[in-house]
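So the protein lines, in turn, are chains A and B. Mapping of the first sequence onto the numbering used here: position 3 corresponds to residue 5, and the numbering continues sequentially without gaps. Mapping of the second sequence onto the numbering used here: position 65 corresponds to residue 67, and the numbering continues sequentially without gaps.
Bear in mind the hints are in silico, worked out from the structure with no lab data behind them. Treat the hints with care, since some could be wrong.
Each pair may be met inside one copy or between any two copies, as identical chains are not told apart.
[As the list claims (entries may be wrong)] Taking lysine-lysine pairs in the DSSO-like style, the calculated list, with each CA pair at most 27 Å apart, reads: (1) Lys54 to Lys28; (2) Lys28 to Lys74; (3) Lys178 to Lys54; (4) Lys178 to Lys104; (5) Lys62 to Lys104; (6) Lys18 to Lys28.
Each chain, letter by letter, is given below.
2 protein chains.
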Amino acid sequence: MRAVRNFKSDPVEDDKVRLVLEAATKAASGGNSQPWAFIVVRGRERKLQVQKVISREWHKEMDVEIEGMPPKRRRMYQSAANLVDHTADVPVIILACLDLTKSGRDELKYASIYPSVQNLMTAAWSLGLGTCLTTHGCSPEHGENEVKEILSIPEHIKVAALVYLGYPEGALSPPKRRALAAFVHNEGW
Amino acid sequence: MRAVRNFKSDPVEDDKVRLVLEAATKAASGGNSQPWAFIVVRGRERKLQVQKVISREWHKEMDVEIEGMPPKRRRMYQSAANLVDHTADVPVIILACLDLTKSGRDELKYASIYPSVQNLMTAAWSLGLGTCLTTHGCSPEHGENEVKEILSIPEHIKVAALVYLGYPEGALSPPKRRALAAFVHNEGW
Numbered sequence: 003m004r005a006v007r008n009f010k011s012d013p014v015e016d017d018k019v020r021l022v023l024e025a026a027t028k029a030a031s032g033g034n035s036q037p038w039a040f041i042v043v044r045g046r047e048r049k050l051q052v053q054k055v056i057s058r059e060w061h062k063e064m065d066v067e068i069e070g071m072p073p074k075r076r077r078m079y080q081s082a083a084n085l086v087d088h089t090a091d092v093p094v095i096i097l098a099c100l101d102l103t104k105s106g107r108d109e110l111k112y113a114s115i116y117p118s119v120q121n122l123m124t125a126a127w128s129l130g131l132g133t134c135l136t137t138h139g140c141s142p143e144h145g146e147n148e149v150k151e152i153l154s155i156p157e158h159i160k161v162a163a164l165v166y167l168g169y170p171e172g173a174l175s176p177p178k179r180r181a182l183a184a185f186v187h188n189e190g191w
Numbered sequence: 003m004r005a006v007r008n009f010k011s012d013p014v015e016d017d018k019v020r021l022v023l024e025a026a027t028k029a030a031s032g033g034n035s036q037p038w039a040f041i042v043v044r045g046r047e048r049k050l051q052v053q054k055v056i057s058r059e060w061h062k063e064m065d066v067e068i069e070g071m072p073p074k075r076r077r078m079y080q081s082a083a084n085l086v087d088h089t090a091d092v093p094v095i096i097l098a099c100l101d102l103t104k105s106g107r108d109e110l111k112y113a114s115i116y117p118s119v120q121n122l123m124t125a126a127w128s129l130g131l132g133t134c135l136t137t138h139g140c141s142p143e144h145g146e147n148e149v150k151e152i153l154s155i156p157e158h159i160k161v162a163a164l165v166y167l168g169y170p171e172g173a174l175s176p177p178k179r180r181a182l183a184a185f186v187h188n189e190g191w
């Protein structure tokens, strides 16, 4: 699976959206609390409103950083910028949220939402769809409260991920990762 | 996929352990930072040391809570207690950790580790293996520092998940989840 940052304008079938959401809800969660909520946004006007917030926040944080990056890294971030600046053109955005009354508020709560997001994304990939996991609008310092207001999300719900969903445009190379040995420690560090 | 809490004593082949770790490192991470580290523990003595800490912490927090639970919920938690009390009997435990120098320290860092854990677990399932995702020893309030000392984990590494891995013992029913409609909101809350 790859992170997809270029999408066709073709809409995503309702059945497929339902299937990827079903897959998300089959993930494990602490004490089977199922503390997730998924907000599916397809209306262009609503997507544009979200885009305005997350694009502004992205550029505020990243524009200066990008200047100083080596070319390869800069290209990756420019592709990320291009996606956030065209959020409204992506057929579906899904906000994966946590119900804090079910998850608790400490950091362990994230163990009960990101596995479900990965399930959603691998299910999408298996259906020929592409996704991109982002944390746009997922912290109060970067527009979360504005996004919540646009989508009428209540106070006790925390936005954890903003996932783009659609049919991939163009060919994708395999993911680039360092060799496994760099990450694995046997019996201890 | 189900959370597996009863494992056969059969060892897990090295090749399979390598494959599930490969799958983990194919997940997305913020800016392709690949901030994960995986500590694979199979030695009984080491597993026993970890067990002592996480089992003590688990019972300290949960014993009173369990008393007041309805029977079905109590059974789930007793099965979880049984697993943590027999950590050393599970063939492999894998600690999925975050390198904070790569991930940053704010809560968004978890978006760069739990998707990889889910990849690890689905890969394991596809190989006939079972897993259980836990957060034992994953917070300073619940023994993280002791676990880190046992496994010589440096200061800048945060434990995010403790995953059990082995061949499942016994038959598993499908996961029990509420209907999708309870979790999905279209265009807004």
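Quick rundown of the hints versus the structure:
no., hint, in the structure
1, Lys54 to Lys28, "neither (33 Å within a copy, 31 Å between copies)"
2, Lys28 to Lys74, "between (37 Å within a copy, 19 Å between copies)"
3, Lys178 to Lys54, "neither (31 Å within a copy, 39 Å between copies)"
4, Lys178 to Lys104, "between (37 Å within a copy, 16 Å between copies)"
5, Lys62 to Lys104, "between (33 Å within a copy, 21 Å between copies)"
6, Lys18 to Lys28, "both (15 Å within a copy, 24 Å between copies)"
Figure legend: structure checked against the earlier numbered hints; hints not met, in rising order: 1 and 3.
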